[in-house]
Amino acid sequence: MTQAESKISRTIFIRLDENEDLLNAIKEKAERNNIRAGFFFLIGTVKKAVLGFFKEGSYKPIQLSGPLEIVCCAGNISAREDGELVVHAHIAVGNEHGQMFGGHLLAGCIVDVTGELVLVETPDTKLKRVFREKLNLYLWSLEE
Amino acid sequence: MTQAESKISRTIFIRLDENEDLLNAIKEKAERNNIRAGFFFLIGTVKKAVLGFFKEGSYKPIQLSGPLEIVCCAGNISAREDGELVVHAHIAVGNEHGQMFGGHLLAGCIVDVTGELVLVETPDTKLKRVFREKLNLYLWSLEE
Amino acid sequence: MTQAESKISRTIFIRLDENEDLLNAIKEKAERNNIRAGFFFLIGTVKKAVLGFFKEGSYKPIQLSGPLEIVCCAGNISAREDGELVVHAHIAVGNEHGQMFGGHLLAGCIVDVTGELVLVETPDTKLKRVFREKLNLYLWSLEE
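Order-wise, the sequence lines are chains A, B and C. Numbered continuously in my numbering, the first sequence closes out at residue 144. Numbered continuously in my numbering, the second sequence closes out at residue 144. Numbered continuously in my numbering, the third sequence closes out at residue 144.
Hints are computed from structural coordinates only; laboratory data are not their basis. Mixed in with the good hints, there may be bad ones.
You can't tell identical chains apart in this list, so a pair holds if it fits in one copy or across any two.
Only pairs whose alpha carbons sit at most 30 Å apart, straight line, appear in this in silico BS3-like list of lysine-lysine [claimed, not checked]:
1. 134 / 47
2. 7 / 55
3. 60 / 7
4. 47 / 7
5. 134 / 55
6. 48 / 7
7. 27 / 128
8. 60 / 27
9. 126 / 47
Produce the entire structure from the sequences given, and follow the hints as far as they go.
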């Protein structure tokens, strides 16, 4: 079985502010806190959103105008084999009529009023992303 | 950076029963367990739902008839500067055809068959909601 | 109040691979790790999905063709009174246009490129599912 175990250490509550880019902000907050592995979820609102749909080796972007509620955004944090930190998250947003759209979290989702991020650190996790050429993606490699 | 750290203490599994109001029930369960900060998620079903969309300083309600599956409901718990506990959550529901609607969790979402709440406590978190007059909202104030 | 408390022990990151059945895989991973109670969430993609809508004592299946992003899948793990482990999760998926569908996670959701499961164990939880004949469902029985 391909898995990596850890204990949870810190839980960090972070407020994201107007005009922050959601994906970039999560990554920067994780880096500043020296988090190398963990998971998170957040709620809030965005001015606009860019969702990705994975197809033939790349994320096809879906552009949405806001304002939109972030109905759900959850993901994980792990490092690539070259040390680069990866935030992998999916997001669902809702408009004024409650209609929802969802996909992979791409850069371009801009915080509106606020974002409330709950970030849970799992230190010393043997969690690594290794490049898979066939998929053009970094997948978890969890073998001991 | 505006953030507050904590360790996780208890995880509490709570069954919500038919006719409980989701938002009120989560708040009451948190209060009864003396939880002042934490996060949670729940699944289950509702008889009807009221979702909010934040616009010009207030939540515009979106009324939905059920029964509906609670596809996702996640949020956080923190206290206002005056001590009042705030449950901030977003919810996504799905109907018989799998069609989804989502937004801010408002009072008026009534449990149908069951609600399964997983509530994670993060004690001693310096997490406080301070009123922002311009927004007419209590936002996290996390400065030390 | 009907609740069960626990401490969190392990967090396990597991990669699910192409053609695994989501529901069966989560259950099997939990069993292999001797997890009797906990919660989890996962993101990834599926080749197809089967969602359930609970109606008159059974889950009406909603069949969806993929590929689809798993926008959100979260749930809990607990044991029935006869010892059988139950994975109870809800799932939301999104298509190429970001359009979403959601409901109860049924067998038949087949992993496409990858599934990234974060499984949190809460050992020694007095969490038991007891059959309720009237509903034709196993609900949490949390009384001490």
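Now for the hints, and whether the structure bears them out:
Taking the closest pair of Cα atoms, residue 134 and residue 47 come within 30 Å of each other only across two copies (17 Å); inside a single copy the shortest separation is 35 Å, beyond that limit. In the homo-oligomer, the alpha carbons of residue 7 and residue 55 never lie at most 30 Å apart, since the shortest distance is 35 Å inside one protomer and 39 Å across protomers. Proximity of residue 60 to residue 7 under the C-alpha cut-off of 30 Å is found in neither arrangement, the shortest distances being 36 Å within a copy and 38 Å between copies. Taking the shortest alpha-carbon separations for residue 47 and residue 7, neither the intra-copy value of 36 Å nor the inter-copy value of 32 Å comes in at or below 30 Å.
In this assembly of identical chains, the alpha carbons of residue 134 and residue 55 lie at most 30 Å apart only when taken from the same copy (13 Å versus 43 Å across copies). In this assembly of identical chains, the alpha carbons of residue 48 and residue 7 never lie at most 30 Å apart, being 36 Å within a copy and 33 Å across copies at closest. In this homomeric assembly, residue 27 and residue 128 come within 30 Å of each other (Cα to Cα) both inside a single copy, at 16 Å, and across copies, at 24 Å. For the identical chains of this complex, residue 60 and residue 27 are intra-copy neighbours only, at 21 Å inside a copy versus 32 Å across copies, given an alpha-carbon limit of 30 Å.
Only between protomers do residue 126 and residue 47 lie at most 30 Å apart by alpha-carbon distance; the minimum there is 28 Å, versus 36 Å within a single protomer.
Of the numbered hints stated above, those contradicted by the structure are hints 2, 3, 4 and 6, listed in ascending order.
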